[in-house]
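Guided by the hints, dock chains B, C and D onto chain A, whose structure is given.
Protein chains: 4
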Amino acid sequence: MVIVMQPGACEEHVEGAIQAVKDFGFQAHPIYGVNLTVIAVVGDKTQEHLEAFELLPGVDHVARIDKPYKLAARRPRVTETTQIDVSSAVFGGPKIAVIAGPCAVESEDGLREVAEGVRAGGASMLRGGAYKPRTSPYSFQGMREAGLALLKMASQRTGLPFVTEVMDTRNVELVARYADMLQIGARNMQNFSLLSEAGQTGKPVFLKRGMSSTIEDLLMAAEYIMSAGNEKIILCERGIRTFETATRNTLDLSAVPVLKRNTHLPVVVDPSHGTGHAWAVPPMAKAAVAAGADGLMVEVHQAPERAVSDGPQSLTIQEFATFMAELAPVAEAVGRTMA
Amino acid sequence: MVIVMQPGACEEHVEGAIQAVKDFGFQAHPIYGVNLTVIAVVGDKTQEHLEAFELLPGVDHVARIDKPYKLAARRPRVTETTQIDVSSAVFGGPKIAVIAGPCAVESEDGLREVAEGVRAGGASMLRGGAYKPRTSPYSFQGMREAGLALLKMASQRTGLPFVTEVMDTRNVELVARYADMLQIGARNMQNFSLLSEAGQTGKPVFLKRGMSSTIEDLLMAAEYIMSAGNEKIILCERGIRTFETATRNTLDLSAVPVLKRNTHLPVVVDPSHGTGHAWAVPPMAKAAVAAGADGLMVEVHQAPERAVSDGPQSLTIQEFATFMAELAPVAEAVGRTMA
Amino acid sequence: MVIVMQPGACEEHVEGAIQAVKDFGFQAHPIYGVNLTVIAVVGDKTQEHLEAFELLPGVDHVARIDKPYKLAARRPRVTETTQIDVSSAVFGGPKIAVIAGPCAVESEDGLREVAEGVRAGGASMLRGGAYKPRTSPYSFQGMREAGLALLKMASQRTGLPFVTEVMDTRNVELVARYADMLQIGARNMQNFSLLSEAGQTGKPVFLKRGMSSTIEDLLMAAEYIMSAGNEKIILCERGIRTFETATRNTLDLSAVPVLKRNTHLPVVVDPSHGTGHAWAVPPMAKAAVAAGADGLMVEVHQAPERAVSDGPQSLTIQEFATFMAELAPVAEAVGRTMA
Amino acid sequence: MVIVMQPGACEEHVEGAIQAVKDFGFQAHPIYGVNLTVIAVVGDKTQEHLEAFELLPGVDHVARIDKPYKLAARRPRVTETTQIDVSSAVFGGPKIAVIAGPCAVESEDGLREVAEGVRAGGASMLRGGAYKPRTSPYSFQGMREAGLALLKMASQRTGLPFVTEVMDTRNVELVARYADMLQIGARNMQNFSLLSEAGQTGKPVFLKRGMSSTIEDLLMAAEYIMSAGNEKIILCERGIRTFETATRNTLDLSAVPVLKRNTHLPVVVDPSHGTGHAWAVPPMAKAAVAAGADGLMVEVHQAPERAVSDGPQSLTIQEFATFMAELAPVAEAVGRTMA
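Chains as they are written, first to last, in the numbering used here: chain A, 32 to 370; chain B, 32 to 370; chain C, 32 to 370; chain D, 32 to 370.
Chain A extracted, bound-state conformation (with noise of 0.2 Å):
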């Protein structure tokens, strides 16, 4: 950590902060700059006092230097990403992971019939709302723990292990008996009590990234469930919020390469929410696996027109099967193969 003394700060204030630092315990190193003067602070936990020494007077701010994550971030020169098995599907490996199904649990027979169409496309794993967090209360919230039900009736089918959003954590229980991952939405990113609860059933859990939420929130998110003692941790970039309107998100893929660098988790890439419009899946999708990700969720629905959420960002059964067959050579020419 560093504090930067005000310009022109008197030698009393900078006394005093260089004390203060070694009353907390740290060792202080005073440079005397030309236009100001900084403290270099040295010590395990520093950040934590990161706000006190900003109040001291004559000062001008504290530079925070390290990451503030630990256990989320690469360790030094190791470059390989930590590959998660979660039942039959594996990110962070060669093939890219391709998680497909509808916005919401509908109908055993619509869930059906996607679970087969995405399995027959190629999917690796299964996606499905089974309790929605909707903008407005009058919307479809869900079909609860018979959505639940539906889902591990579809995944036996098929043998696809799949995943379902958990929005309370009352039914964090609930939802990890039934679904093979866990996925912690971007409305609830920052839900610590969630993210605690989530990271103690041991069951892998998928990440969002928040719509405002930077980088660095996303890999703290990760943090939390980690220090709770679950490293089966899939981050997904799925959009931020920008004064863009032209898609629903603005689809940050620049997260990729920068995640890549930072953390040892698989990063997947959703571009169903991240475009909100089902013609700007496939090209995004293709962008996403050029750009690194490890994986893939995108939304299928038998009948977008009639689907209760999200229908126009939905790839029906049809379009899935050929938005994977193009997807092949573009992860092929990175390195990486889509079956």
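Note that these hints are calculated values from the structure, not bench results.
The structure presented is a predicted model; accordingly, all values stated were derived computationally and were not measured.
Where hints are given, some of them may not hold.
Each pair may be met inside one copy or between any two copies, as identical chains are not told apart.
[Stated by the list, open to error] Derived lysine to aspartate or glutamate pairs resembling EDC-like cross-links, with alpha carbons at most 20 Å apart:
1. Lys-126 with Glu-357
2. Lys-76 with Glu-336
3. Lys-101 with Asp-91
4. Lys-98 with Asp-248
5. Lys-263 with Glu-247
6. Lys-53 with Glu-336
Below, chains B, C and D without anything else, positioned relative to chain A:
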């Protein structure tokens, strides 16, 4: 709702869209313009089918016309704000309600000192965090129930009602037993389970705007609580996330006149979280009152340099007294009062 | 255009708005909905009066329905991109056009080395800044006309046409005498005088998206140039400003499919400015090609650690060769070619 | 400047970085921390080499410590604002300076009516656009020199000095012959040629913050003008671009206290462009004054419903009079005056 056809859409597609509207039981009013054709859709709950229309062949997009919130909306030609009483504190009346206290409850002595200080300064209500949403799992997470008990004691001693954040559905009942008002924090504004649960307690709810939430999102979150049968909601602007880093968030004070125009609920501003700097709190608090806010939430600490969180944005007890004195003429200048 | 009346607007106000529409010479189609009344306005150039309608009594807001750009718009049912030839470089054809070179022209030797290096690597066009927009007045501002002359020499020696930025209307003619294509930078995308002036030269224009410009803003800027009689425009996505600080800007690759859907102009992506880090350029360039971009602009420097600007985002000549080799299979995977 | 080495950087890389610092003629102070090593760099103009250090092997990033603006910066321990006189209008003194007038000059009669109206209401200065930056090439572009002449006439008749926007370096001299102050608009805030040219006229410059510019960017733009020898600069906050669409821009009023802390230049707020709605102008103007702004810029039109641009955000002459009357007690509440 208005369905906008693509430029040059063929007659068959226009007819198809009209038929689809009728099939849903709505009226269709096609309007043939110079450059394109639009179809106005008339009926109740047309919004639930917006996405389905977007997927019809030849449709460019669907424009939503009416507002999605009903209970939170200001009634036509009614200009009054709904007054909400939380024990002795009144929100939405002529007096500016000031909620003050530490970011987190840390100790009995500290809390008592702050509570007595802010009451002496003229606060209407006490605040203090017992459960803390912290970006890092390694930071202090709050005193939990012990913190609630200390808040209750400080409240009884000073006669000030208190508000505290609830972060987990499992704690709603417990927190509601102690607190006079429940706070839903920015990170949980779209934690829909928590909104419903808080709504069902019947306790007043202090609802903070999410960092990436539009004003409409905030009103939809209020709608969740109201549709659960609880109309006692106070809205709080506390800053949104933008590219500017000079302040912790960008306090969107224009939200005050926008909310005043669109909802009958009282509006409070939190300049402490909105700016992140104690030196910016007094000018922005004055600005909030001048813009028409019904109240303020400010962080006050007996010794900010020793605070476990948010020290740099906390006023001292002495500063709080000055702050209140300086606010009084501003409140009077806009026809309000501080006491 | 659709005039949306306030909920509960009285009959008199609705009648007044209808009359106002007629007074402007347009047709008014009122539609009486369940919750509110809207008035569809039909006629040419209705948009010019949008603001006037917004001010009528009882009007809530006016919804624009059609797109404000005409010349830049894709014609109905036409899917081809307009191919633009800039000397030997072709944009919008099957081959991915790559523009490469240093951020700024610094010296004859350095430029020659880079120009020969990027030609050997397979670039289609040379870039280099002679006039530099620098945030600080104390930074190097470019070699100006001497830089143009060096670019011309390097271009003649290598046979690569070149593009360079013009920042001042007074220099447009001069720059156009040297350059094969004029670049309008992000900071000048809404410098409307410069757009018109560049348009009038008849030279192809390379138009970069502004940091806070929507895709529609970008197309309106293109419309400025096109309405000045110049249809040879190449659009460039180079990142927008968001809250994320891990990258210099947030490269909005979704702009590629959105632009492909809405305009017939070729689309180029600049991952150097879009990310700010040389290590992020190769993955994001691959992503851009996979997403359907027609070309790339990348910064290459013979010795990035000695560059006067943008060193950290510049590839070395060696890295550029590897970069091009790695791009080839990605281009082929989406039916394009690098050479 | 502080060079932050990667976690686990080897000794050789640390030594290399130290040597590189010395090679540039600076002092290097390595600090060996618990988790990482940093090297403080001391010397003048170290910032010019920041990027070079970023490229050294083993370096994670380089943290800038000191502020990049010098002339615009508040001097240590000096709290006064520099007072700038523009003819009879004074910015930075106890009186709040109000600049008022139409968005665009449209006619002699209209302008005269507004000019007399705003003088009667208490404005200090007249505004009006002769050259208009319009998003669409099909919109009214301004009366140009004829507009300047009308402004001059209105100014002479009322005794109010006037400010008008200059958009093109070629017009700076012409505009400077007529106007008392030159406005650099938001879209041209980083048109560095224009900044330098405006600086060289010696006329006071009214510098609007760009829509995606940080406060530091704004101060760097001021630095451009100041380094061209012109210290008479008035800064204007007019809203930034964010995801919120309820207002035209997001007025960042926190910029007022931030600027007051960092620069000695006067600060004006433009709530008309900042909000885009006439009904939001009075509350946000009051908020600006309460936050400590030195002045306001507001759009006033004799008949907003007939304005060629920005009608919805313009006050009528009558509304302006009320506006000024309502501002007076707010100004007094913060120790200022309106007249």
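(request) Give the relationship of Lys-53 and Glu-336 under a CA distance limit of 20 Å: within one copy only, between copies only, both, or neither. (result) Intra 66 Å, inter 15 Å, cutoff 20 Å: inter-copy only.
(request) Pop the pair Lys-101 and Asp-91 into one bin, within, between, both or neither, using alpha-carbon distances up to 20 Å. (result) between (28 Å within a copy, 16 Å between copies)
(request) Measure nothing new, just compare the shortest in-copy and cross-copy C-alpha distances for Lys-76 and Glu-336 to 20 Å and report within, between, both or neither. (result) Result: close only across copies, 17 Å inter versus 54 Å intra.
(request) First find the shortest C-alpha distance between Lys-263 and Glu-247 inside one copy, then the shortest across copies, and answer within, between, both or neither for a cut-off of 20 Å. (result) Classified as within; 18 Å inside a copy, 36 Å across copies.
(request) With 20 Å as the alpha-carbon cut-off, assign the pair Lys-98 and Asp-248 to within, between, both or neither. (result) within (11 Å within a copy, 26 Å between copies)
(request) With 20 Å as the alpha-carbon cut-off, assign the pair Lys-126 and Glu-357 to within, between, both or neither. (result) both (15 Å within a copy, 19 Å between copies)
Checked against the numbered hints given earlier, the structure satisfies every one of them.
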